[in-house]
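Q: Chains as they are written, first to last, in our numbering: chain A, 1 to 345; chain B, 1 to 394.
One should not assume that every hint holds.
[As the list claims (entries may be wrong)] Far from chain B, some chain A residues (derived; all Cβ distances over 12 Å):
hint : residue
1    : Lys22
2    : Thr25
3    : Thr40
4    : Ala41
5    : Gly77
6    : Phe105
7    : Pro218
8    : Asp266
9    : Gly278
10   : His283
11   : Glu292
12   : Gln298
[To be verified] Derived lysine to aspartate or glutamate pairs resembling EDC-like cross-links, with alpha carbons at most 20 Å apart:
hint : chain 1 : residue 1 : chain 2 : residue 2
13   : B       : Lys348    : A       : Asp325
14   : A       : Lys113    : A       : Asp100
15   : B       : Lys348    : A       : Asp103
16   : B       : Lys348    : A       : Glu295
17   : B       : Lys209    : A       : Asp100
18   : B       : Lys209    : A       : Asp103
[Unchecked claim] Heads up, incomplete: computed chain B residues facing chain A, CB under 10 Å, no partners named:
hint : residue
19   : Gly29
20   : Pro291
21   : Asn345
22   : Thr358
23   : Ala371
Hints listed in this document are in silico derivations from the structure and should not be mistaken for laboratory results. Built from N, CA and C at the ideal position, the CB exists for glycine as well.
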Amino acid sequence: MNPRPTRDTDWDGVRLHVVTGKGGTGKTTVAAAMALALATAGRKVLLIEVEGRQGIARLFDCPPLPYAERKVAIGLGADGAGQGGDVYALAVEPEGALLDYLDMFYNLRRTGKALTRLGVMDFASTIAPGLSDLLVTGKATEAARRRVSSRRGSPHAYHTVVMDAPPTGRIGRYLNVSAEVSDLAKVGPIRTHADTVARVIRSPQTVVHFVTTLEEMPVQETLDGIGELRELTGGAIRPGGIIINMARPAMLAGADLSAAVSGSLDVTELAVGLKAAGISDNHGLAADLMTELREHAQQVILQNRERAELATAERPLYELPMVADGIDLAGLYQLAAALRRKGAA
Amino acid sequence: MSAPRLDIDRIIDDRRTRIIVCCGSGGVGKTTAAAAIGLRAAERGRQACVLTVDPARRLAQSMGLTSLDNIPRRVDGTRTESGGSLHAMMLDMKRTFDEIVEAHADPDRAAQILANPFYQSLSSSFAGTQEYMAMEKLGQLRHADEWDLIVVDTPPSRSALDFLDAPQRLGRFLDGRLIRLLTAPAKAGMAYMKVLNAGLAVVTGALTKVLGTQLLKDAQTFVTALDTMFGGFRERAEWTYRLLQAPGTAFLIVAAPEPDALREASYFVERLDEERMPLAGLVLNRVHTSPARLSAARSLAAAETLDMGDRPNGPVLPGYGDPDRPDRSISITVAALRTHAERMNLGKRERRLAEHFTSAHPAIPVAEVVAQPEDVHDLAGLRVIGEVLSQQAG
Numbered sequence: 001m002n003p004r005p006t007r008d009t010d011w012d013g014v015r016l017h018v019v020t021g022k023g024g025t026g027k028t029t030v031a032a033a034m035a036l037a038l039a040t041a042g043r044k045v046l047l048i049e050v051e052g053r054q055g056i057a058r059l060f061d062c063p064p065l066p067y068a069e070r071k072v073a074i075g076l077g078a079d080g081a082g083q084g085g086d087v088y089a090l091a092v093e094p095e096g097a098l099l100d101y102l103d104m105f106y107n108l109r110r111t112g113k114a115l116t117r118l119g120v121m122d123f124a125s126t127i128a129p130g131l132s133d134l135l136v137t138g139k140a141t142e143a144a145r146r147r148v149s150s151r152r153g154s155p156h157a158y159h160t161v162v163m164d165a166p167p168t169g170r171i172g173r174y175l176n177v178s179a180e181v182s183d184l185a186k187v188g189p190i191r192t193h194a195d196t197v198a199r200v201i202r203s204p205q206t207v208v209h210f211v212t213t214l215e216e217m218p219v220q221e222t223l224d225g226i227g228e229l230r231e232l233t234g235g236a237i238r239p240g241g242i243i244i245n246m247a248r249p250a251m252l253a254g255a256d257l258s259a260a261v262s263g264s265l266d267v268t269e270l271a272v273g274l275k276a277a278g279i280s281d282n283h284g285l286a287a288d289l290m291t292e293l294r295e296h297a298q299q300v301i302l303q304n305r306e307r308a309e310l311a312t313a314e315r316p317l318y319e320l321p322m323v324a325d326g327i328d329l330a331g332l333y334q335l336a337a338a339l340r341r342k343g344a345a
Numbered sequence: 001m002s003a004p005r006l007d008i009d010r011i012i013d014d015r016r017t018r019i020i021v022c023c024g025s026g027g028v029g030k031t032t033a034a035a036a037i038g039l040r041a042a043e044r045g046r047q048a049c050v051l052t053v054d055p056a057r058r059l060a061q062s063m064g065l066t067s068l069d070n071i072p073r074r075v076d077g078t079r080t081e082s083g084g085s086l087h088a089m090m091l092d093m094k095r096t097f098d099e100i101v102e103a104h105a106d107p108d109r110a111a112q113i114l115a116n117p118f119y120q121s122l123s124s125s126f127a128g129t130q131e132y133m134a135m136e137k138l139g140q141l142r143h144a145d146e147w148d149l150i151v152v153d154t155p156p157s158r159s160a161l162d163f164l165d166a167p168q169r170l171g172r173f174l175d176g177r178l179i180r181l182l183t184a185p186a187k188a189g190m191a192y193m194k195v196l197n198a199g200l201a202v203v204t205g206a207l208t209k210v211l212g213t214q215l216l217k218d219a220q221t222f223v224t225a226l227d228t229m230f231g232g233f234r235e236r237a238e239w240t241y242r243l244l245q246a247p248g249t250a251f252l253i254v255a256a257p258e259p260d261a262l263r264e265a266s267y268f269v270e271r272l273d274e275e276r277m278p279l280a281g282l283v284l285n286r287v288h289t290s291p292a293r294l295s296a297a298r299s300l301a302a303a304e305t306l307d308m309g310d311r312p313n314g315p316v317l318p319g320y321g322d323p324d325r326p327d328r329s330i331s332i333t334v335a336a337l338r339t340h341a342e343r344m345n346l347g348k349r350e351r352r353l354a355e356h357f358t359s360a361h362p363a364i365p366v367a368e369v370v371a372q373p374e375d376v377h378d379l380a381g382l383r384v385i386g387e388v389l390s391q392q393a394g
């Protein structure tokens, strides 16, 4: 929020941005915009999707993402257009993550394929969803830690990783991987893996951003989500910023706003104004517009109340405007520019 | 192209309708729609029960209940003149699961299962289990036959129709090769063992290496226990699945006029059709409309004209309105015109998206609910939604 002269963004040093939000708040869109904003010239950013929805492919208008890291866009340049670094994307699914895991840690890719044929993933995701969540989060943390080569001091393969995570209602438990599998695996390789993943997620290099709209339920879920994260992990997993998405512009303020909401605005005043603009008040036009204005005023008051509610979480707030014609690539860059301007990325 | 109108009252007034399933992606007002329909049905004489599976306790809030605890509770404040009643409950996934175990296994074995770490992970995690348990609970409520209409709000799944897959997935799981492998020493026939034996050592070796001995042992114990007690559960899951296909069930897809929600809605239409589930129609929530006959373009142009101080029709009458703010009528008019233009543009975009859906699915009846200026948090609000939902004729 308060731009510090010594830092580029509010989240310098963060290597894994986890983006969550209630359904319908635009979590995937914000994650994508954040990846674009982070990918300034020379920086390579990986955008990870974990729920198999192919939302990223739709946003970037490209064919469904395979289980492989693909370049999907050029990041936001200094002039606000696409002249920055590269945005790569990856759709992680548990089966692929299991094969990677077996390959990386045990050199067991072929056995892994045999396990897959036997339905191991179906099995794991059915009786122990925590295990498949662990494999998927493990892939994200691996990408965040990955170095270009095994040489000591080699640079990171990705400057930052942005994860389009599960919705707010599940995020606490989803990220609390270590605890989720600790009852299952008290010792052994799964435990070791869980601990490694947990170390990354609980380090200052990881933050969890919450996307919300200025509506009651999403705001409540955001506050609950932040609370749950704190409670479950004793503050070890850091809540990042709150990104307010699709905020509607307020057309009224001050005395006009309270007058509109209490219904004390005079419709003849509006009729006079319309007349001045050359619009005649036929078919009760002024009355209809007055109703719309009152509803708008109610919404503005509600938005202000939700904003105040969000402020109680004491997290940086970033507000993104409603993109009028729906989100296309141009809209994404617009949101990315807004995020960067506000210091979120 | 206009879609046929969805007649909600006809559905809830038809005594043969016993189950209404509201499905749709997250954040589209599914829970509110389910509660509003339940309330309206109750106030039109049905003995209605609303089952919600959402952990956010949204239904509880809108129905003025402080807690929902896996038992249907009577909702106070419902109008009972027509002899109906409303109950509501929120699914307690873990408790539902525990009850199944206790009902299907002898006390010793039940205790053993309840203590198994795999069971604890499975029964309390959010993904997957919720769908099984929602179906189980729906089956139980229907079986109890205390209500003549059950309205279900489906879980906010990763994949929206997971609840449909739940019974089959369970079946596939129990028939799976891995289960057979894990339980092989106990039950597999000799011929099967021969085929498996070659690979068995390698695979078990790999599993042990990756999972650790204890974890593998726990898994084995758990699936063996599951196998012996879940026959009954599986039968009931299949019964529930058939119940969903029966004529007494009506599926309602709930969507908001946004690309993602409508894409998901299209997917639902196709899936329900594939599964031969009876789809009653689409509820399109939070639609923006305006009775005012003034285009967005003209509205914006007028706002600009006023803003720039042009007065094509002369100055506003001197002394009009607040003497301290002679231009108040101008500032209000500019705000009203801009608000109207925004609303018209939003409405236009929403209509385009809705038409897109309708042209792909021309036979699906649609009911629109106009956006309410404030969120619903009481029965009065739910009643309004119910009224709007059923006033679709005009």
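Q: Hint compliance check: list the failing hint numbers for this structure, sorted ascending.
A: Those not satisfied are hints 1, 2, 6, 7, 8, 9, 10, 11, 12, 15 and 22.
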